[in-house]
Amino acid sequence: QFLWGKILFCARKWKCCDKILSVLEFYHSPMGTPGDNVMLGEWCDSSSCIRSRIMLVRRLKWLILILSSITIIYLIVFNYHTVNEHKDFSVYLQKLRIISDKLVSNGWDDTTVQQWRRSLEIPRESPQGNCLLNNIIVALPGDSLEEYLWEYISLLVLRERWKSSEKSHNITLGVFLAPKAKKFLEEVLHRVHMDSLENFPSNCLDLKHARILGHTNELEMLQHNQPIPRLFLLESSAKRYMEIVHGDLKWLRQTVVLKKTLQDDARKEISQLRKSFSKNNTDTFLLGFHYGETHFPHPVEAYSYRAAWKTVQLWHKHIGVLIICPKYEMNYCKNNFSNDQRVRIISSSTQSHALSLLLLCHGTIVRSDLSFIGALLNDGETIVLQSSVSEYDPAIEVAHHLPKWVTLDEY
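Mapping of the sequence shown onto full-length UniProt numbering: position 332 corresponds to residue 332, and the numbering continues sequentially without gaps.
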């Protein structure tokens, strides 16, 4: 009596919807008519009737608890233990990396493993062979030149770090690109100093127990005595910037080199551009930036870019600003930057064209992924624009370690 009376009282007090009240009153009325307001004690006097109502409440309580538990477990597994095939794949990988060490003993679920197999283009009937390595690092492929370059650069510096360590004498390591990543890079770079997974034995890829590598998490390579090597998967969005800044940057710049045709075309274009700034064009300090895709979470207003090249003008008397815009951003670039005599805006149809121009500039403004790569491969002065909103970013961290790099806060 007490329980059913409280349920109906609370429902009315908190003004629940009419349907809920009707259902409660239906069980609460002697004739079973919704809306009859009769207290339970007036029609349910027998002890068996009271017991049945109490049992119903108890069963509902356990049913609610069970359904709630199932829902919570499903949400956790769906978001953290399964990778869906969609554009923001790397966001899921960042979450997965956090718990990868906990899952490595049990292994990833079949959906995730199949997703990785498709991404790495591992066929069902791939070649089998002996595994001669203790550890393997494979980069999960992205979708653009900047992502492929970051994968390649990150793998290069990880391999060089291993070579310079004492463990390299006892531990074997292999680093590999996905087939489509290597194919894309071969069209842009003079040489790709890395193999792809295309002809690598698939039985040596333990995707079920793979460990995820992000920007900074430690790579713990061991002398793995098992028949299958330990597998590390590098996120497609990962930037191993600490290995870059503490490694041999001169070697990296000599290793990651664009094709000669791209370099020659860019030199001709830059030569014509310099003539438009000054007759004595050797005195012009050329500052470049690419206004394109970015990993920065918060946008920076146009006046911050103008403040950046005004800052550079304090260091160099004559400057020219080269703004490289993708075709879909040309309206924005013209509306916000074209009224300055120091500025030249170039429409870029490809990222390889934009990068080849950035590498010939004396300095770089970094606020896009391609500008970040260009600044690392170009030993010039670099300004990293920082949003007024607090954010964590690898480019800002790099600026704290390299002597020619500075950060500029948004006004």
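For the record, the hints were derived by calculation from the structure and aren't laboratory data.
Heads up, a few of these hints could be off.
Computed beta-carbon distance windows for the label pairs [stated by the list, open to error]:
| id | residue 1 | residue 2 | range |
| --- | --- | --- | --- |
| 1 | 193 | 298 | 30 to 38 Å |
| 2 | 110 | 63 | 42 to 50 Å |
| 3 | 259 | 143 | 16 to 24 Å |
| 4 | 170 | 311 | 23 to 31 Å |
All figures in this text were calculated on a predicted structure; none of them were measured in a lab.
Ideal placement from N, C-alpha and C gives every residue a C-beta, glycine not left out.
We went through each hint and held it up to the structure:
The hint said 30 to 38 Å for the Cβ distance between residue 193 and residue 298, and at roughly 36 Å that hint holds. Separation of residue 110 from residue 63 is about 31 Å and departs from the stated range, judged on CB atoms against 42 to 50 Å. Under the hint 16 to 24 Å, the C-beta atoms of residue 259 and residue 143, about 21 Å apart, fit the expected range. Look at residue 170 against residue 311: about 50 Å separates their beta carbons, and that is not inside 23 to 31 Å.
When the structure is compared with the earlier hints, violations turn up for hints 2, 4 and for no others.
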